[in-house]
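The primary structure of each chain is shown beneath.
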Amino acid sequence: MFTEIKHTLRRMRGAIIGWGIGLFAYGLLMVSFYSSLEMMEGFIENLENYPPEMLAFFPNIMEIMTPQGYMDTYYFSYMTIILGIFAISACANLLVSDEEKGILDLLMAYPVSRSGFFWGRFAGFVIATASILLISWLGWLIPAGSSGLELSALEMLRPFLPLFVVLVLFGAMALLFSMLLPAARLATGLASGLLIVNFLLIGLANINPDLMPFFEFTPLYFYQGGAAIGGLDWGNLLGLAGISTLMVMLAWWRFQRREIRVGGEGGWKLPRLAILGKRS
Amino acid sequence: MNDKNVIEIRDLQKYYGKVHALRGVNLEVKGGELIGFLGPNGSGKTTTIRCMLDMIRPQEGTIRIFGFDPQVNPMQVHSRVGYLPGELNMEANMKVARALRYFTELRGNSVDWGYVKQLAERIELDLSKQIKNLSKGNKQKVGLVQALMHRPQLLLLDEPTSGLDPLMQQEVYHLLKEAKAEGTTIFFSSHIINEVESLADRVAIIRQGVIVEEAKPGTLVGIEVRRAHIRFKDIVDVSGLAQVEGVTLLSQDGGSTVTLRVEGELDNLIKALGNYPVSDMNLERQSLEEAFLAYYESPEKEEI
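Chains as they are written, first to last, in the working numbering: chain U, 1 to 280; chain S, 1 to 304.
By construction, these hints were calculated from the structure, which means they are not laboratory data.
The calculated label-pair distances, taken between Cβ atoms and stated as ranges, are:
hint, chain 1, residue 1, chain 2, residue 2, range
1, S, G137, U, L250, 41 to 51 Å
2, U, W234, S, G24, 54 to 64 Å
3, S, Q170, U, R185, 39 to 49 Å
4, U, A153, S, R151, 50 to 60 Å
5, S, E28, U, L250, 33 to 43 Å
6, U, M249, S, T62, 29 to 39 Å
7, U, L186, S, L167, 37 to 47 Å
8, U, M1, S, D3, 33 to 43 Å
9, U, L186, S, H20, 22 to 32 Å
10, S, L167, U, L28, 51 to 61 Å
11, S, G61, U, L200, 49 to 59 Å
12, S, Q118, U, M1, 24 to 34 Å
Note that beta-carbon positions come from the ideal geometry of N, C-alpha and C, so glycine has one too.
Just chain U, same shape as in the assembly (with noise of 0.2 Å):
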């Protein structure tokens, strides 16, 4: 199993680097924003004269003066659908993708058990996501003591947990997909098609009260955001990781009972009542 983390992580430094560097230099530049932000007359006003469709998804934004608010529009409001594309491609892809290039037909072989080969695997992108937080954390963190972004490390680090939790969430979602539908495509426009419906579902129910009922069973109702802040919701933060847990599991499960498939011996279709996949 450790032999896979080190070989996926090694897959996915590129990935790591990339939206490490890119959140690290996004945080940077929006730290230096913030003061300047003070300065502005007539902000808050200003946002007041919006139209409501376009506030709707960004709650926190009259309080944008504060730490909190700031960090809430800037970066967790919306992170969870950019990141999230991130988290549903990994994880559509974590072992389909090698199914589908005919990889696996030789890995399957070694012997390092399928349960070994998935929990390592989806092992290396818990670690690859926590390590993309930590960078974008970083890079806010640094330069908030010279730009009057008063927050401690902790509590700049306490929003990134409910992040992190959804972003694997979602990614356990699309890997559970990948294990249910024929491609590792469908798989990821399934999951992001989802994740994305949520996201504005976000907006429209707060436009419209009589969607919040539908709202109210979507993951990201669940989602702190930049209100952890402030202090940590154990209680959806457990029930969001539950969710992702329970889905990892069922993934895990159809792992075990998969025939490995290569071109030319079917099973590409989409499987009747795939869930139900026998061990014969």
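Since chain U is already given, all that's left is putting chain S on it; use the hints.
Below, chain S alone, put in the same frame as chain U:
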């Protein structure tokens, strides 16, 4: 060779949806044996091998590799096996050495790296190249090195010389013979008859998911079909020869030369020829390819 079965397959059945890919494969392979698994594309060679490695699961039948059920103890099987897939694919963005290091890590770093380099030298594999820049033949060499590098007790090779030039094919034959001399059991699939004929102790021919013949390559060549070219001293009526059991008249040249197809033993033909003024007779032993094709052309064999 020893008497212990390394591979035991009983009544293996595998469906892909409605396609009945394996229709009751039965096979035993003794320790130290080098067995050729022969059959055309789509006959079930790769499916059988992949069932042995628990990559796919048969609907019926049993498999035992070194006494282990691959579905129950895949690790016990995989640790003893070196496998070369029919269509070898590896991560493109790795150097050959890095890929082989990864494979040794998957084997718990129990592989002697000096032996890996030795194998690479023998088959002229450049370890510093990127996988994506390798030709099909060179990729196949990587596949061979990774299959052999841990000196496995059993080699499962799906068309091992595919893509290799004739010189490299010979080197691979040497490597396999050396592995066999060290006691490795080798099960390799091929559709190259000469390869099987020159390497294998025994041949199993699979057709439409059923093993239709198991024999020594020489036996297969000898027993099935011969072509007899007979020249007579005079022009004769050869219609009587065509009545002999197992004999078919293929061609007649002016009445003094005939070509016959003889199935099975020659006894009946020789006795019949006693009544003819035979000047010369040339028996052409069929190649394994012809024996193989005979299985696929003969309508009676289709029901086997």
